[in-house]
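Novice: Each chain is listed here by its residues.
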Amino acid sequence: MTDEARTIRIAAGQGFWGDWLEAPVRQVRGGPIDYLVLDYLAEVTMSILQKQRTRDPAAGFARDFVTQMERILPDIASKGIRVISNAGGVNPRACAVALRAVADRLGLGEQIRIGLVTGDDLMDRLDSLTADGEAFRHMEDDRPLSDVRHEVRAANAYLGMAPIVEALRRGANVVISGRVTDTGLTLGPLVHEFGWSVEDWDRLAAGTIAGHILECGAQSSGGNLLRNWRAVPRLADVGFPIVEAQADGTFVVTKHPGTGGVVNIASVTEQLVYEMGDPTAYITPDAIADFTSIRLRQAGKNRVRVSGVRGRARTPMLKVSIAWFYGFKAVGTLVYAWPDAVAKAKAADAILRKRLKALGLEFEQILTELVGVNATHGRLGGTPDADIAEVTLRVGVRAREREPVERFTREIAPLVLTGPPSVTGFAGGRPQVEEIVAYWPALVARERIEPFVQVELL
Amino acid sequence: MRMVAVQLRYLAHARSGDKGDTANVGLIALSPSLYDLLAREVTARRVARHFKGMVSGVERFELPNLNALNFLLHGALDGGGTLSLKTDAQGKVFSTALLRMKIDVPRKVAKRWRTRDE
Numbered sequence: 001m002t003d004e005a006r007t008i009r010i011a012a013g014q015g016f017w018g019d020w021l022e023a024p025v026r027q028v029r030g031g032p033i034d035y036l037v038l039d040y041l042a043e044v045t046m047s048i049l050q051k052q053r054t055r056d057p058a059a060g061f062a063r064d065f066v067t068q069m070e071r072i073l074p075d076i077a078s079k080g081i082r083v084i085s086n087a088g089g090v091n092p093r094a095c096a097v098a099l100r101a102v103a104d105r106l107g108l109g110e111q112i113r114i115g116l117v118t119g120d121d122l123m124d125r126l127d128s129l130t131a132d133g134e135a136f137r138h139m140e141d142d143r144p145l146s147d148v149r150h151e152v153r154a155a156n157a158y159l160g161m162a163p164i165v166e167a168l169r170r171g172a173n174v175v176i177s178g179r180v181t182d183t184g185l186t187l188g189p190l191v192h193e194f195g196w197s198v199e200d201w202d203r204l205a206a207g208t209i210a211g212h213i214l215e216c217g218a219q220s221s222g223g224n225l226l227r228n229w230r231a232v233p234r235l236a237d238v239g240f241p242i243v244e245a246q247a248d249g250t251f252v253v254t255k256h257p258g259t260g261g262v263v264n265i266a267s268v269t270e271q272l273v274y275e276m277g278d279p280t281a282y283i284t285p286d287a288i289a290d291f292t293s294i295r296l297r298q299a300g301k302n303r304v305r306v307s308g309v310r311g312r313a314r315t316p317m318l319k320v321s322i323a324w325f326y327g328f329k330a331v332g333t334l335v336y337a338w339p340d341a342v343a344k345a346k347a348a349d350a351i352l353r354k355r356l357k358a359l360g361l362e363f364e365q366i367l368t369e370l371v372g373v374n375a376t377h378g379r380l381g382g383t384p385d386a387d388i389a390e391v392t393l394r395v396g397v398r399a400r401e402r403e404p405v406e407r408f409t410r411e412i413a414p415l416v417l418t419g420p421p422s423v424t425g426f427a428g429g430r431p432q433v434e435e436i437v438a439y440w441p442a443l444v445a446r447e448r449i450e451p452f453v454q455v456e457l458l
Numbered sequence: 001m002r003m004v005a006v007q008l009r010y011l012a013h014a015r016s017g018d019k020g021d022t023a024n025v026g027l028i029a030l031s032p033s034l035y036d037l038l039a040r041e042v043t044a045r046r047v048a049r050h051f052k053g054m055v056s057g058v059e060r061f062e063l064p065n066l067n068a069l070n071f072l073l074h075g076a077l078d079g080g081g082t083l084s085l086k087t088d089a090q091g092k093v094f095s096t097a098l099l100r101m102k103i104d105v106p107r108k109v110a111k112r113w114r115t116r117d118e
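Here the protein sequences line up with chains A and B, keeping their order. Sequential numbering from 1 applies to the first sequence in our numbering. Sequential numbering from 1 applies to the second sequence in our numbering.
Hints were generated in silico from the structure; no laboratory data involved. Incorrect hints may appear among the rest.
DSS-like mimics (lysine-lysine), calculated; alpha carbons at most 27 Å apart, straight line [to be verified]: (1) A:K51 / B:K92; (2) A:K346 / B:K52; (3) A:K319 / A:K51; (4) B:K102 / B:K52; (5) B:K102 / A:K319; (6) B:K52 / B:K92; (7) A:K319 / A:K301; (8) B:K92 / B:K102; (9) A:K346 / B:K92.
As the structure is a prediction and not an experimental result, all values here were calculated from the model.
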């Protein structure tokens, strides 16, 4: 077959850490695919993983990945499917070692060749990079990182597709990385298969958009779809999206036959606009994609053709995601019942606030929401029905110190016997005090970051 | 031409996400002609008025190729990310709050779209 006619099928198997455990196995067994991409990392995930690694040096990666791979490794081996994942989190090497142990135990050791992508972790390099002139200024408020340097818990550069391509070129059939962009996981195999130039901005942008459509799993194939939501068929059996790509940069979004969900213009468009900024400049380490150039066409049932994508040259900078310890928060809830449910919840909130004040506790913020009335739409929710059956009082507090937050968690339950009547829903016990690890987005000069690729001999 | 006030929920669908303390809402018209109507009526200024007291600023971008407008609602998430105490800290359903907004449309447009079950 000529390269022009060749189609590469890339399947999404996971849209975030915590996504449907059945999805990868269904993608592998539901029909032919060439690649399975598994995205586990969100902005907050790296700090959670970092916390786990501090407690246990062998942790710090998405463990779900290893258990999911255990189920599909025989299929991967027999069908020649390759897997690309950023499951490595802040400890990709430990993730690779864990997978190697599973492959050996299953007797598939010979057939699994793991590619390991590192070099994104800047934690040990922060001070030397700062000394070299990298201020890691906050991308929104321009503060230098030195303001919070001693509280930094994790720092990772977003790597692009290049190290994925390199690992594939060297024969890996399972590529495990740390913070590679979600879109790079899909773009990597396309560049590898079609030999696209690293300056072919239109095609790189097209592959990036394919990655954006896959990166949130079923969110482009009927999950979380608002348009005609009642009519989306059989979500219990939803098929995750698959991209069928060609060398010219055009592709079709589809899913396996017989699965539930839907792939149509509405489902793909909703995913395209998800987390969008300036649509003419979707910046990734690999290219800048222009979403205003995308053309969508329904090309059969559950098939959407994507073409026309234009791109521009990548920037000289890479984005860095820095996680830093900020403080503490806790959220308490109580349910108040008819009659006068809203009035009772408001009275309870007033009492709680008086008590917190009398105790002399200081918070950065106390936020009260009435779930069922104003939690998601604020004042736009309008006046609640006077006859409403119940309302959930939800009060959150935030402070830099643990002590006031800890004390707050002891003030919720007492309201049951010392506040307004008809209250329930406190069986869960005291609210938990949560550590807040905040996100600090910054930039670093591209030439300072050197991705490192290792294929086997871990 | 007789005009009728219609909620955006009958004329568009939407999805939202977050970037720090900014929520984005992609507002997707149900047809190309409705896109033209939305592009004219759903201005950044009117959206800012709709969300008065809930956001600190609004930017609008146009994607006629997708029949969509993208709004950036700054300061919408009470600090955003892990700092926010809100139920919807990541603005996942902020999109639906925009669909409450009403715009004036010709009566025949209202009749065609408002009767549809969404």
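Novice: Would you mind marking each hint as holding or not holding in the structure?
Specialist: Do the hints match the structure? See the list:
1. A:K51 / B:K92: 26 Å, holds
2. A:K346 / B:K52: Judged against 27 Å, a Cα distance of about 23 Å means the pair holds.
3. A:K319 / A:K51: 22 Å, holds
4. B:K102 / B:K52: 15 Å, holds
5. B:K102 / A:K319: Answer violated: B:K102 to A:K319 is near 39 Å, above 27 Å.
6. B:K52 / B:K92: 19 Å, holds
7. A:K319 / A:K301: 38 Å, violated
8. B:K92 / B:K102: At roughly 21 Å apart (the allowed maximum being 27 Å), B:K102 and B:K92 satisfy the hint.
9. A:K346 / B:K92: Judged against 27 Å, a Cα distance of about 26 Å means the pair holds.
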